[in-house]
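Residue-level listing of the chains:
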Amino acid sequence: MNTPGTSVSGYVLLLTIQFVFLVVFGICTGYDDDLRPRNGTQAEEGFIIPKYPHFQDIHVMIFIGFGFLMTFLKRYGYSATGLNLFVAALCVQWAILMRGFFDMENGIIKLSLDDIIGADIATASVLISMGALLGRITPIQLLIMGLFEIVLFATNEFLQIELMKIVDIGGSITVHAFGAYFGLAVSFALRPTKENAKAGELEGASYTSDIFAMVGSVFLWIFWPSFNSALVDGPEQERAILHTYLSLAACTVTTFVVSALVSKDNKLDMVHVQNSTLAGGVAVGSVVNLLIHPVGAVVIGTVAGALSVVGYRYLSPKMLEKGRIADTCGVHNLHGMPAVASAIFSAIFAYFATKDAYGDSLYTIFPGMKNSSMEEGEHEIIIGGFGRSSQQQAGYQLLGILITLSIAIVGGLFTGLALKLPNFKQLQYNEMHKDDVYWETPDGHHHEN
Amino acid sequence: MNTPGTSVSGYVLLLTIQFVFLVVFGICTGYDDDLRPRNGTQAEEGFIIPKYPHFQDIHVMIFIGFGFLMTFLKRYGYSATGLNLFVAALCVQWAILMRGFFDMENGIIKLSLDDIIGADIATASVLISMGALLGRITPIQLLIMGLFEIVLFATNEFLQIELMKIVDIGGSITVHAFGAYFGLAVSFALRPTKENAKAGELEGASYTSDIFAMVGSVFLWIFWPSFNSALVDGPEQERAILHTYLSLAACTVTTFVVSALVSKDNKLDMVHVQNSTLAGGVAVGSVVNLLIHPVGAVVIGTVAGALSVVGYRYLSPKMLEKGRIADTCGVHNLHGMPAVASAIFSAIFAYFATKDAYGDSLYTIFPGMKNSSMEEGEHEIIIGGFGRSSQQQAGYQLLGILITLSIAIVGGLFTGLALKLPNFKQLQYNEMHKDDVYWETPDGHHHEN
Amino acid sequence: MNTPGTSVSGYVLLLTIQFVFLVVFGICTGYDDDLRPRNGTQAEEGFIIPKYPHFQDIHVMIFIGFGFLMTFLKRYGYSATGLNLFVAALCVQWAILMRGFFDMENGIIKLSLDDIIGADIATASVLISMGALLGRITPIQLLIMGLFEIVLFATNEFLQIELMKIVDIGGSITVHAFGAYFGLAVSFALRPTKENAKAGELEGASYTSDIFAMVGSVFLWIFWPSFNSALVDGPEQERAILHTYLSLAACTVTTFVVSALVSKDNKLDMVHVQNSTLAGGVAVGSVVNLLIHPVGAVVIGTVAGALSVVGYRYLSPKMLEKGRIADTCGVHNLHGMPAVASAIFSAIFAYFATKDAYGDSLYTIFPGMKNSSMEEGEHEIIIGGFGRSSQQQAGYQLLGILITLSIAIVGGLFTGLALKLPNFKQLQYNEMHKDDVYWETPDGHHHEN
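Residue numbers (full-length UniProt numbering), protein chains in the order written: chain X, 1 to 449; chain Y, 1 to 449; chain G, 1 to 449.
Read the hints as simulated data drawn from the structure, not as lab findings. Fair warning: there could be bad hints in the mix.
To be verified - Subject to a maximum C-alpha distance of 30 Å in a straight line, what follows is the list of computed DSSO-like cross-link-like pairs (lysine-lysine):
1) K264/G x K420/X
2) K370/Y x K355/Y
3) K420/X x K267/G
4) K110/G x K194/G
5) K318/Y x K267/Y
6) K267/Y x K267/X
7) K318/Y x K267/X
Stated by the list, open to error - These stretches of chain G come out as covered by chain Y in the derived footprint (C-beta under 8 Å, 3 or more residues):
8) 100-113
9) 204-218
Cβ atoms here follow ideal geometry from the backbone N, Cα and C, with glycine treated the same way.
Isolated chain X, as found in the complex (with noise of 0.2 Å):
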């Protein structure tokens, strides 16, 4: 009886990053002026905090529509849903602080709601490349994963809004594609011997598992439209709102035509519905607030729904077997191909932005359009400068899926080496997929279906 589970000095380790999280918040974080207290009796009753509720959506998306999605799995839902969390817990604060260093004020990280739902989006990407990887790494390799990527994903992020100015409101090319194309890099770094390159016994659903992956997948397709529209305020949010509902309805009927169009006996098959039916909010995620007409909406969406169901089918086994490739859940066909195809969205609609469409709005979507007379304040450096055409920012959009793309994929093939160390545990194949490795479970040989 060996014990398979133990890594003591993987808990450790986390334990003192938890220390050290403790301490930097300690030393380097305070309130944000908007919490501080206020001098003057002013009434606070009925003040609202505007973007709560956008926020209490994000966060079940994170930790309930992410976990749950995760659990389709036969014999991994104490893993999918418990280590959603682990991750998700060391990662936000991680992403407060690494997000912070990039906006300190006198060596503070001025912190307010804005923060938090900052790091749960940076939160996303992780559990993205998560589903690449599900039931193919321990929880150590996870985590220290984890802490890699949110280095990355804030570098990035910072790299794309604020010094190129890149139009990605929902995320699509700072968190769908980055999170995807890393969570694959590690996935290729790790890649199995060749006769191993196959799903793994345990690698499907039950029936029952199947339905709690449901419960996931619909929180996430309910509540998207708060992801994608959080970041902006007044017609651009409502407009955010609209798309992402059309983008998801349009795509969900794709997926489900498709996904019984293209299946054995055309029946309907559930890692579609699971899945593809999000598509749709992934791939109208650069272009959620610009000016693409209701019609831009369902067009996206139905593009999305049959993209990855296609994926799903015909791309991801391939991937697997000649690229060696594992993505247990299909990320590349959620996340990865929806988000290029709206970062590719988003050019063309930048291409096509016009002062008479948008008016003065232009300047606070496209902030690189403005002149550099109209920056107020503190001058702003951005590269290329101020004072885009519409042509220019479409040429950015392209260049930011790129540098995203890169840095992701640059890396995750890093991160996914360093998980090769000795230091690391590996997971046998005979130990994947199995939640008996890592926990005590009521009944450790017993498989339902």
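With chain X held as given, fit chains Y and G onto it using these hints.
Here is chains Y and G on its own, set in the frame of chain X:
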């Protein structure tokens, strides 16, 4: 081995419909003025879309609530959660268009959050009908039924609310009664042969499926105050929240007690717990913004719970055996009877509504009671004219439910007959309530308990 | 074949109580002025009820969170979700009335959203007590216990908050400590015989039931910031959100690590994951609006997670074996000890609270520190008088937890003795943790793992 799930032509038809929707969105829709860019550099930050949290609560009800409530069948969980999503995704698009056709400006439906709230609510009526037919018709039949139903729903809603100025803020008349009796009429049109007029072999719960159903039931319970208060503002909204809360609480206690008292060995029955506890939300729907006093809500909830449990225990089995009307989820007991009760309550409270009690809000709550001189702007035309007395308004409330029932029943019978056309594959008795017919399942033959 | 579930007289008693509630609602309640029709034709559209999103989050915690957290037992899922709903539906009505009796105007309790938020929070204390006793008492005993507990809860809450001006925004003292020790005292009064002072045969999880429990646990985790911030506004509210978020994140990481370190073979334990991850929300509750600095929240969460896991691993088994105090859900480790810790933290932070740090908000946060000259309107009378120093306020915080514990323990013992009266059927050892005793189940004898 035939392939009973195959219905390529049906799925192709649905894809065609989705493309037609796409074209109509392109031609007939645009943004509401609130969603258009605004000129001038007013700060949009902190701007709140007031109904967005309500929308998200309703969205949870439609996609998690209804979807999981229907998972109670032991072998129909993929269909419950999956087809609920499919049907709803198709119907919300169609509802946006159909409802929009009644409110176009220069041939354009101007979209905003209100339209997707309305679309979600309209879709609830289809999901209620689906409950009556759950497991008894094919996915294609279900979707076609939904398309028919939305046409009639939108027409009846416009007739009741705009032309007849019926009071029905919680949608008991236009949504619950309509959806329930439409579904029951379809069920009657598709009634089984005499020997099959009994519960199917798989028409029951497993221990696990019953707990899944509680996910749906409890989320419906929790967010019902949002459903009932989404279309009003100010004091009316807060009253609607309070009344729904009290009615549901009283209904729930009554449901448990009556369930134990009428059941075998005085044991509790999960069917009652999952469904009848919600009847209080339906029964208070049409009066939810009126001055019914808190005790009015408690009384209504108590009556609704008892009525609903008694319906499940004694009426539904009779309807199936004698009338050959199948009602898998018992929507007659959860939505049908409580909604008719709500309409009657609305007539009673309208009858006694006075200017003394309501002040100026009498005319916003009961717009038909305005003097014609009080109409603002363009002169609306309503059936029977403005300036109704309380007694006349009460009459219109009763007329409203009668017309609604007529449209629902005639429309449902017609739709049911259409679904019996030989173009549609009909489910055989032994194919009912069985995911395996339409889904790839991990274990096509095994049935859990 | 006897019918152990039968208790007609109990259910009739509950129906009688529901009718009494109905009468009392009729006589003693009315609308708050905010819910009454307003004259003048001000536009109500866009009016927002500020606390409604918070209410709905708390509502999810009470009905989904607590209900599903308790589904972890392999054969008690109907009771967990069903009785949670039953108990809560009864107790919210009673809590509206009992809490209202302390705040009547001319003999009328004027109802608004605040009352149902308060009722939900009060009910949390009963559900916590239910956790200690889960599966060990009959539904009738449970409901009667809830009615007793609400009386004491409302009295103690009034005493602490209104008369003693204790700071306890997150309810750690008034809700968590009260509910936990009340439940444990009931459990002690009903303690088993020596030979039965061990975990029951069915007192454990199945693979599926553990995942259901995660639905509840994660929703509690997600919405805890709303629970802890619902009763404050402005900067205090945003601090409460931030602190709860940080405390839970740090607590979760600590929980996983300590769980692995203290468990057999260093495997993770779902009991800890489901429960101890939440202890950070409890432990920060009484100080959640104070200026504890972000690092204070991280420290508190870290301490709470470790304390809670250690409690589950070492203390609870001892309490059962030596003290014969059963605690099915381990509420002592999730609610009891962390809440006492929170009270101590509140005394410490009160001790060091200064006008320099808090500005004018010192007197809204610690109303007992106001000079009597600063009281507005009618002169309130508080225990010990106004004008407390920081040190005195710290003393009152400690006094608050001591009095709360005394009331909870004495009240719980008394309640437990009442539940042992021969009028009540007592569960036998072999009837414990078993739905089949009180529910119609699809398979009365089969037990899944």
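Here is what the structure says about each hint:
no.: 1; hint: K264/G x K420/X; verdict: holds (27 Å)
no.: 2; hint: K370/Y x K355/Y; verdict: holds (11 Å)
no.: 3; hint: K420/X x K267/G; verdict: holds (22 Å)
no.: 4; hint: K110/G x K194/G; verdict: violated (50 Å)
no.: 5; hint: K318/Y x K267/Y; verdict: holds (22 Å)
no.: 6; hint: K267/Y x K267/X; verdict: violated (40 Å)
no.: 7; hint: K318/Y x K267/X; verdict: violated (35 Å)
no.: 8; hint: 100-113; verdict: holds (count 3)
no.: 9; hint: 204-218; verdict: holds (count 3)
In this structure, the earlier hints numbered 4, 6, 7 are contradicted, and the remaining ones agree with it.
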